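Using the sequences plus the hints, can you model the full thing?
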Amino acid sequence: MVCLGNICRSPLAEGILKSKLPSDSFTIDSAGTGDYHIGSSPDNRSIKVAKKYGLDISNQRGRQFSNTDFETFDVIYVMDSSNYENVIRLARNEKDIEKVKMILNEIYPDQDYDVPDPYTSGIQGFESTYKMLDEACTEIAKKLLN
1 MVCLGNICRS PLAEGILKSK LPSDSFTIDS AGTGDYHIGS SPDNRSIKVA
51 KKYGLDISNQ RGRQFSNTDF ETFDVIYVMD SSNYENVIRL ARNEKDIEKV
101 KMILNEIYPD QDYDVPDPYT SGIQGFESTY KMLDEACTEI AKKLLN
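Quick note on numbering: the UniProt record's numbering labels position 35 of the sequence shown as 35, and the sequence is numbered without any gaps.
Derived from the structure by calculation, the hints contain no laboratory data.
Check before you lean on any hint, since a few could be wrong.
Derived Cβ-Cβ restraints for the label pairs, each shown as a range [to be verified]:
1) S81 - S128: 28 to 38 Å
2) S40 - F73: 14 to 24 Å
3) S23 - E135: 18 to 28 Å
4) N93 - K131: 27 to 37 Å
5) E71 - K131: 28 to 38 Å
6) S41 - T120: 14 to 24 Å
7) G34 - S58: 17 to 27 Å
8) Y108 - G39: 12 to 22 Å
9) G122 - D56: 19 to 29 Å
Within a straight-line C-alpha distance of at most 30 Å, the following computed DSS-like cross-link-like pairs (lysine-lysine) qualify [what the hints assert, rightly or not]:
10) K143 - K101
11) K48 - K101
12) K20 - K51
13) K101 - K51
14) K95 - K48
15) K142 - K101
16) K95 - K52
17) K51 - K131
18) K52 - K143
19) K142 - K131
20) K95 - K51
21) K52 - K101
22) K142 - K51
23) K95 - K142
24) K142 - K20
25) K99 - K131
26) K143 - K48
27) K131 - K48
28) K131 - K52
29) K142 - K48
30) K101 - K131
31) K20 - K99
32) K52 - K20
33) K142 - K99
34) K142 - K52
35) K20 - K101
36) K143 - K51
37) K143 - K20
38) K131 - K143
39) K143 - K99
40) K131 - K20
Everything numeric in this text was worked out from a predicted model, so none of it was measured.
We put the CB at the ideal spot given by N, CA and C, even for glycine.
Quick look at the structure:
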């Protein structure tokens, strides 16, 4: 799960998907394309919204996406088109590029919709982001468990 700073959208997506899949069978992580929040906890509003839905993401720490993530992960979900371009720039080959997917394409195939960055919005923006990501992660989990 990749967004810009790894404190709002991608930590929520990581926490949501982890809650839907068995941890002994799947490795789920998140990262940011920027280096702004390396080592930081998720935004307090992300933590608050996750907690409202029974998820604790407070132990996550921000990290920056790197090209070694292409080796570690089978699929790399990005939150928006800017994240997509930043991740693709680090791809080493076509196989790496094929791993990168816009997360909302799971519920709106081939539409390439962005998950809006709630960072500059109030708690309602985080709530809306959570609901979008929950719906997308439900679809991802269904595909992975079938």
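We went through each hint and held it up to the structure:
The hint said 28 to 38 Å for the Cβ distance between S81 and S128, and at roughly 19 Å that hint is violated. A C-beta distance of roughly 22 Å is found between S40 and F73, which places it inside the suggested range of 14 to 24 Å. For S23 and E135, the hinted distance range of 18 to 28 Å is satisfied, since their beta carbons lie about 22 Å from each other. The hinted range of 27 to 37 Å is satisfied by N93 and K131, whose Cβ atoms lie roughly 36 Å apart.
Look at E71 against K131: about 32 Å separates their beta carbons, and that is inside 28 to 38 Å. Between S41 and T120 the CB atoms are about 19 Å apart, so this pair conforms to the stated range of 14 to 24 Å. About 21 Å separates the C-beta atoms of G34 and S58, a value consistent with the hinted range of 17 to 27 Å. Between Y108 and G39, the C-beta spacing of about 34 Å breaks the proposed range 12 to 22 Å.
One distance hint, 19 to 29 Å for the beta-carbon pair G122 and D56, holds here, with the actual separation near 22 Å. Under the criterion of a C-alpha separation no larger than 30 Å, the hint pairing K143 with K101 is consistent with the structure, at around 14 Å. Distance hint between K48 and K101 is fulfilled; the C-alpha atoms sit about 27 Å from each other, no more than 30 Å. As the CA atoms of K20 and K51 are separated by approximately 15 Å, the hinted pair is consistent with the 30 Å bound.
Taken as a hint, the K101 and K51 pair is honoured in the structure, with Cα atoms around 27 Å apart against an allowance of 30 Å. Between K95 and K48 the CA atoms are separated by roughly 37 Å; this puts the pair beyond 30 Å, and the hint is violated. Distance hint between K142 and K101 is fulfilled; the C-alpha atoms sit about 17 Å from each other, no more than 30 Å. A distance of roughly 38 Å separates the Cα atoms of K95 and K52; the hinted pair therefore is violated under the 30 Å criterion.
Under the criterion of a C-alpha separation no larger than 30 Å, the hint pairing K51 with K131 is consistent with the structure, at around 13 Å. About 26 Å separates the Cα atoms of K52 and K143, which keeps this hinted pair within 30 Å; it holds. About 17 Å separates the Cα atoms of K142 and K131, which keeps this hinted pair within 30 Å; it holds. Between K95 and K51 the alpha-carbon distance is near 37 Å, which puts this suggested pair outside the 30 Å criterion.
A distance of roughly 28 Å separates the Cα atoms of K52 and K101; the hinted pair therefore holds under the 30 Å criterion. With a C-alpha separation of about 23 Å, the suggested pair K142 and K51 falls inside the 30 Å cut-off, and the hint holds. Proposed proximity of K95 and K142 is supported: the alpha carbons are some 24 Å apart, at most 30 Å. Under the criterion of a C-alpha separation no larger than 30 Å, the hint pairing K142 with K20 is consistent with the structure, at around 9 Å.
For the proposed pair K99 and K131, the alpha carbon gap of about 24 Å is at most 30 Å, so the pair holds. A hinted pair counts as satisfied when its Cα atoms are at most 30 Å apart, and K143 with K48 qualifies at roughly 28 Å. Restraint check: the Cα-Cα separation between K131 and K48 comes to about 14 Å, which is no more than 30 Å; the hinted pair holds. Between K131 and K52 the CA atoms are separated by roughly 12 Å; this keeps the pair inside 30 Å, and the hint holds.
For the hint linking K142 to K48, the alpha-carbon distance of about 26 Å falls within 30 Å, and the restraint holds. Proximity of K101 to K131 is assessed by CA-CA distance (about 19 Å); at most 30 Å being required, the pair is judged to hold. Between K20 and K99 the alpha-carbon distance is near 21 Å, which keeps this suggested pair within the 30 Å criterion. Using a Cα cut-off of 30 Å, the hinted pair K52 and K20 holds, with the two alpha carbons roughly 16 Å apart.
A threshold of 30 Å between alpha carbons decides the hint, and for K142 with K99 the separation of about 18 Å falls inside it, so the pair holds. For the hint linking K142 to K52, the alpha-carbon distance of about 23 Å falls within 30 Å, and the restraint holds. This hinted pair checks out: K20 and K101 have alpha carbons roughly 19 Å apart, not beyond 30 Å. This hinted pair checks out: K143 and K51 have alpha carbons roughly 26 Å apart, not beyond 30 Å.
Our distance criterion of 30 Å between C-alpha atoms is met by K143 and K20, whose separation comes to about 12 Å. A hinted pair counts as satisfied when its Cα atoms are at most 30 Å apart, and K131 with K143 qualifies at roughly 19 Å. With a CA separation close to 15 Å, the supplied pair K143 and K99 stays within the 30 Å bound. Distance hint between K131 and K20 is fulfilled; the C-alpha atoms sit about 14 Å from each other, no more than 30 Å.
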